[in-house]
Amino acid sequence: MSSTPLFRNATEPVWCDGCGDFHVLDGLCAALEGMGREPRNVALVSGIGCSSRLPGYMESHGFNSIHGRALPIASGLKLARPELTVIVTAGDGDIFSIGATHLVHTVRRNPAITLFVMDNGVYGLTKGQQSPTTPPGTQMRTAAQPVGDASVDPLSLMLSLGCGFVAQAYAADQPAMQQLMQQAIEYPGFSFVNILSPCPVFRGGMGIYKELRRSISRIDDSGHDPADLAAAHALLASAEAPLAGILFRRDLP
Amino acid sequence: MQKVIVGNHAVSWGVKLARTEVIPAYPITPQTQIVEELSEMCASGELPARFIKVESEHSAMASAVGASAAGARAFTATSSQGLALMHEMLHWAAAARHPIVMADVNRALGPGWNIWTDQTDSLSQRDTGWLQLYCENNQEVLDTTIIAFRLAEALDLPVMLVLDAFYLSHTSEPVDIPDQALVDSFLPKREAHYKLDINEPHAFNALVKPDDYMEMRWHMHDAQRRALELYPQIESEWLALTGRYYGMIEPYRTDDAETVLITTGTVTSTARYVIDERRSRGEKVGLVKIKMFRPFPVEAMRAALKGIPRIAVIDRNISPGNGGIFAQELRSALYGSDSDAAPQFNGYIVGLGGRNVTPDTINGIIDHVQSGETVDRPDIWVGVKA
Ligand SMILES: Cc1ncc(C[n+]2csc(CCOP(=O)(O)OP(=O)(O)O)c2C)c(N)n1
Ligand code: SF4
Ligand SMILES: [Mg+2]
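As given, the protein sequences belong to chains A and B, one line each in that order.
Counting from 1, position 45 in the first sequence corresponds to residue 45 in the working numbering; the numbering is continuous, with no gaps.
Counting from 1, position 187 in the second sequence corresponds to residue 187 in the working numbering; the numbering is continuous, with no gaps.
Don't read these hints as lab results, they were simulated from the structure.
Possibly wrong hints are sitting among the right ones.
Reference excerpt, derived from the structure (chain B facing chain A, CB under 10 Å, subset only) [what the hints assert, rightly or not]:
id, residue
1, Tyr-26
2, Glu-36
3, Ser-39
4, Glu-40
5, Glu-57
6, Pro-111
7, Thr-128
Distance ranges between label pairs, derived from CB positions [as the list claims (entries may be wrong)]:
id, chain 1, residue 1, chain 2, residue 2, range
8, A, Ala-237, B, Leu-196, 34 to 42 Å
9, B, Leu-207, A, Glu-211, 54 to 62 Å
10, B, Asp-179, A, Pro-242, 49 to 57 Å
11, A, Pro-13, B, Ala-386, 28 to 36 Å
12, A, Pro-242, B, Tyr-194, 45 to 53 Å
13, B, Ser-172, A, Asp-17, 36 to 44 Å
In this text, all values refer to a predicted model and were calculated from it rather than measured experimentally.
Every residue, glycine too, gets a C-beta built ideally from N, C-alpha and C.
Whole structure, please, built from the sequences with the hints as guidance.
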């Protein structure tokens, strides 16, 4: 695993071998360094979960905060120190379950904060319960019956809320993910990237990487115009495979 | 039937035997095994309850309130941050008089993040109106779960049963699992005193003006205090059926004792071992275990400690700015009860965030209180690094 000296600290991650979050960490370090940012000008806020350990592995300011509350904490931080680059890195459970109400209102206020959800479709830290992004029908190790509840689609949720920058990345595709990270961080309002970051231990084993690499459909290749909201909805509705790229981007004055 | 099970599964078995009808759940370490086992019991049909995976602990308690308002027997389990997030709903469940039972696995609150045992989570909910029962071993956990429903439904008040993280939650012990028929005879189906009924519509929880609010709180408080009489009666029935009795408090080798420890949870078992050892050397030492924290058994504690010259309270919790919470409660319970012979009363803070409380720790406390050394603080912190 390549580590970027500037943004990576010396702490060894406690993630399992094969965890997608290693890729997110590497990618974020490289993306920030590539943009010429300095650790002292970046604040990372997470909630709690495996993914939320990420700020602890970086040289920048880091908050491993409360389950679900990363967005309001980041909002306060950004208000107090607007010159900082404020990034929220959290899990799908954290953001779409216990903290879901904060999404609605953070999007409405549109602060210049970037949200990277490390979406593994499971509660990793508590050892494998269904999360809001676990597809119905999935058999979890922690339940006798397959998931019965409908899942949340992060992209369509964020489009519907009116988020000005909505994208999805695949953690193991470093160049594309790093580029998306940089575009999201540069976006002047609230930006959102859903990062497909596998949990091979509790969702799908190592085979999930091959499956994702094979199935992902790149938005760029489809000729989609990210400024077109109706087209973004239509693309999502017709997508048969996970999308990667910028789905919607509204230019702000 | 005897089974070797962890404390968490002892809770699940109790909930199953109580024929619980609705279980809303959100995972949190070290509680998660309780609800996972229950979800398996529901899926296999062993427990015909409705199980719902909610999006937070606040919603878990809110769903339990809804189910209880419809007359169902409802249960959930949580720990630490989850209990703290529920706080608003805890007040609601109690004041709306819902006999919900909840297990709290004692775990330290953040920051710093810590998953190990510490009683501050449950004790800081002391003014919500919930009854609180602390357990020492897995058999007591199972029995208390069943007893909790009886008590809750008799009083229309929610009951929290509390067990230590890992020392009980994840430790296996042999547990006698009573027969379903025995439990059914002890705990019949819930007959809700008030419930949503389509034949007799009610609106619940409307605005209550100053004219009536105080009475609502008085009734709630009065019901809490009635538990002091009712609990021993209910436990006596359990004794007749199973041969097991715990008591609101349990004095252990306190006859003629000159030094008495006050303990809760698994620290009690360690302290029993220390007491036995020192008794075998002829020392006059004993302990009183507190099982019931709410309502606080004031009279029972006064009686148990009458004439004891030295009391050492062991608190695995902290109310910052004051001291250990059991020590505070006990000190005020004893105030004025024996004005001729006020005991030496020391409060010790131990084991926060899961730090081990060993026989050495407890021996050190006994040595300290016996030395008669006077301390000018209400709380003595044991083993804090400089
Ligand atoms: C209020 C509260 N409830 C529950 C928990 C337990 N908990 C910790 S992380 C987590 C979910 C983690 O899932 P996710 O956010 O998807 O992160 P992942 O571990 O998958 O990266 C839960 C339920 C908690 N810490 N606080
Ligand atoms: S449990 Fe899953 S999400 Fe957590 S560190 Fe391991 S692989 Fe990653
Ligand atoms: Mg997750």
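Worksheet item: Which hint numbers does the structure go against, in order from smallest to largest?
Response: 7, 13
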